[in-house]
Amino acid sequence: MIARTITVARKELLHIVRDRRTMAVMFLIPIVQLFLLGYAATTDIEHLRTTVLDGDRTPQSRELIEAYRASNYFDIVAYVADEDELARMMDRGTVWAGLIIPAGYGADVVSGQTASVAFVIDGSDPNVANAVFAASQQVGQAQSMRIIERRLGISPDEMTALEVRSRVWYNPEMKSVNFMIPGLIAMILFTITIMLTSLAIVREREQGTIEQLMVTPIRPIELVVGKVTPYIAVAFFNVLEVLAIGVYWFGVPIHGSLGLLMALAAVFLMTSLGIGIFISSVTNTQQEAMLTVWMMLLPSIFLAGFFFPLEAMPKFLQAISYFIPLRYMLVIIRGIILKGVGIGPLADQVVPLLLFGVSILIFAATRFRKRLE
Amino acid sequence: MNEYVIETDNLTKRFKQVTAVDGLDLRIRRGEIFGLLGPDGAGKTTTIRVLCAIMEPTEGSVRVAGFDTVRESEEIKKRIGYMPQQFSLYGDLTVLENLIFFADIFGVERGEREKRIARLLEFARMTKFKKRRAAHLSGGMQKKLALACTLIHQPQILFLDEPTTGVDPVSRREFWDILTELHLQGVTLFVSTPYMDEAERCSRVGLMFEGGLIICDAPERIKSLVEGDLLELRPDRLREAARAIGGLPGVLEVQTYGDLLHVFVDDAQRRIQTIQEVLSEAGISVRGLRQTRPRMEEAFISLIRKRIEGR
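Sequences listed follow chains A and B, in order.
Take 1 as the starting number for the first sequence in our numbering and just add one per residue.
Take 1001 as the starting number for the second sequence in our numbering and just add one per residue.
Everything labelled a hint here was simulated from the structure, so no lab data went into it.
A couple of the hints might just be wrong.
Non-contacting residues of chain A with respect to chain B, defined by C-beta distances greater than 10 angstroms in every case (computed) [unchecked claim]:
| # | residue |
| --- | --- |
| 1 | Val282 |
| 2 | Met296 |
| 3 | Lys315 |
DSSO-like mimics (lysine-lysine), calculated; alpha carbons at most 30 angstroms apart, straight line [as the list claims (entries may be wrong)]:
| # | chain 1 | residue 1 | chain 2 | residue 2 |
| --- | --- | --- | --- | --- |
| 4 | B | Lys1016 | B | Lys1306 |
| 5 | B | Lys1223 | B | Lys1306 |
| 6 | A | Lys370 | B | Lys1016 |
| 7 | A | Lys315 | A | Lys339 |
| 8 | A | Lys370 | B | Lys1128 |
| 9 | B | Lys1128 | B | Lys1115 |
Label-pair distances were calculated between CB atoms; the ranges are [as the list claims (entries may be wrong)]:
| # | chain 1 | residue 1 | chain 2 | residue 2 | range |
| --- | --- | --- | --- | --- | --- |
| 10 | B | Ser1138 | A | Ile343 | 38 to 44 angstroms |
| 11 | B | Phe1015 | A | Phe236 | 53 to 59 angstroms |
| 12 | A | Leu355 | B | Glu1074 | 30 to 36 angstroms |
| 13 | B | Gly1031 | A | Leu372 | 24 to 30 angstroms |
Using N, Cα and C, we set each Cβ at its ideal position, and we do this for glycine too.
Put together the whole structure using the sequences plus the hints.
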């Protein structure tokens, strides 16, 4: 039993080693995904291209513009003369935001009246717009305080009646990458194993080698276990790869136990292996398998709360998400890496994940027959 | 022990649309070289797959090496070797790696494994190619490697599905020499082939057509079933010649074969004259009109034709 499984695993390893291109893809995909998501899929806003319509042209208006620029959120890339020009720039997408300071702003500030300015935001992407909105308000509030301070000659501390001291836990700098990388580890475990296992088994069917194997005494379980073993190793290697880059390049802190992380990753692997084996049992060619993998991958990623919070989804989508194993793993991995929690607080996630894993794996393995249809 | 190593009763295999094998009854003795002949789509591959216990029959019972193919499939697999029609080894593995893989799957002991592999490589005349990747072998060599892999566990019965399709004539001959050698060693061989000339090398052949056996006997006896004498001629206008001869008295059947015409007549000596006259009247020149012995090919075409006409 064990001997034949090892024989199959050794053969599979030879396939992997001989196929340089697949091997390159296998080890590079996680790195590419990591850099893409680490840098590109960030919702942190910085240096947003902004235009200014300064209808006032006073030292006060210039001070306000400088306040926006100095915040680092906004880059003043152009000054325009009228609103039409500002609108054109927004239309073309050359700028994301526009600050409009009306004539008389400086005078209002000096005379102690409530001065007002307009801040226009491109709301096409609500995520960006939300962040820009908050940043524009924040800079404006700070400037307002400064004006009052100067006007009354007292420091802001003296005139605060209520101060809300928000403290951000787990990811104090609120860096997107800290949130993305743990999620990415789960996603890589999910995609790589599903894809590689389903392709590896379907390949035998497509090439007809399965027919030769069927007339040997090999048991389906030996074949399946032998074939997926090397890919389990690949998946774990990928996890370490992503962790290493996450920690040493992006500076993501790991607060929890690496051992627990790996152990729960193994639990999670059962589900993705099971799904991969299942896909290979219902498809006949690598192309079919690939398409099936993609068909189930995208909804999984969205419904599991990889990019968008589950809490923001409609109730029925939230209900569906309970059937997506990736959902539980995302909570687990973010919990371990960002919050440093142990197995205790994660029990609610681990139990369903384990149930899913065992049942999917058993279901998939029993579907595998030594018969041609 | 039963004298038959392969026994099928009313073996039937239906797929959604077609009935691939229709009520097949086969009895094959230990030590035979049995040739399953027939055109593409006759049901040869399906029959072999059912015999190898990798496909379940829709109806009928099948026993191979004394075991039932449905209930005792794993017992059968220990005793048979199967070489599918399509190359089904690992192209990215070397000759040696493929052999080792199958030896290990069959649980051949280490020391014994090396001995057997060396012997099989020698037997297949492939020793000097053992480090070559299977994908880089010629078609004929791939077939020999596949054969070697199916022999690694020393099966009693060997099933070969069109082992020489797509192989050059020299390699084909060599392959059959190897099969003959196995036959001499006592292995029962079950070979399917679309090549009629290969049937001559079998101890018994079955002609399969549209899922059933038309005939099953020794090659000599099948050939003797052909009625009348066979005349072979090479006319310059084949179709016209066939039409002109077809209606003549004493002509039983006309078959075209490349640019040759095969004419079955009741009595060669009596009819040869008439044929010559009819053709020269029609202005068709003929080369090499002679009497010849019917081969398997003519016998089968004749039998299949009778079956179609008989409906």
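Hints, one by one, checked against the model:
1. For valine 282/A, the condition that its CB be more than 10 angstroms from all CB atoms of chain B holds, with the nearest at approximately 17 angstroms.
2. Remark: the non-interface label on methionine 296/A is consistent with the geometry, its nearest Cβ contact in chain B lying 27 angstroms away (cut-off 10 angstroms).
3. With a least beta-carbon separation of about 43 angstroms from chain B, lysine 315/A lies farther than 10 angstroms from that chain, consistent with its non-interface assignment.
4. Our distance criterion of 30 angstroms between C-alpha atoms is met by lysine 1016/B and lysine 1306/B, whose separation comes to about 29 angstroms.
5. About 15 angstroms separates the Cα atoms of lysine 1223/B and lysine 1306/B, which keeps this hinted pair within 30 angstroms; it holds.
6. For a cut-off of 30 angstroms, the pair hint linking lysine 370/A to lysine 1016/B stands: about 20 angstroms separates their Cα positions.
7. Between lysine 315/A and lysine 339/A the CA atoms are separated by roughly 27 angstroms; this keeps the pair inside 30 angstroms, and the hint holds.
8. A distance of roughly 35 angstroms separates the Cα atoms of lysine 370/A and lysine 1128/B; the hinted pair therefore is violated under the 30 angstroms criterion.
9. A C-alpha spacing of about 16 angstroms is found between lysine 1128/B and lysine 1115/B, which places the hinted pair at or below 30 angstroms, so the restraint holds.
10. Evaluation of the 38 to 44 angstroms hint for serine 1138/B and isoleucine 343/A yields a failure: the beta carbon distance comes to about 59 angstroms.
11. Taking the beta carbon of each, phenylalanine 1015/B and phenylalanine 236/A are about 43 angstroms apart, not inside 53 to 59 angstroms as hinted.
12. Evaluation of the 30 to 36 angstroms hint for leucine 355/A and glutamate 1074/B yields a pass: the beta carbon distance comes to about 33 angstroms.
13. The hint said 24 to 30 angstroms for the Cβ distance between glycine 1031/B and leucine 372/A, and at roughly 29 angstroms that hint holds.
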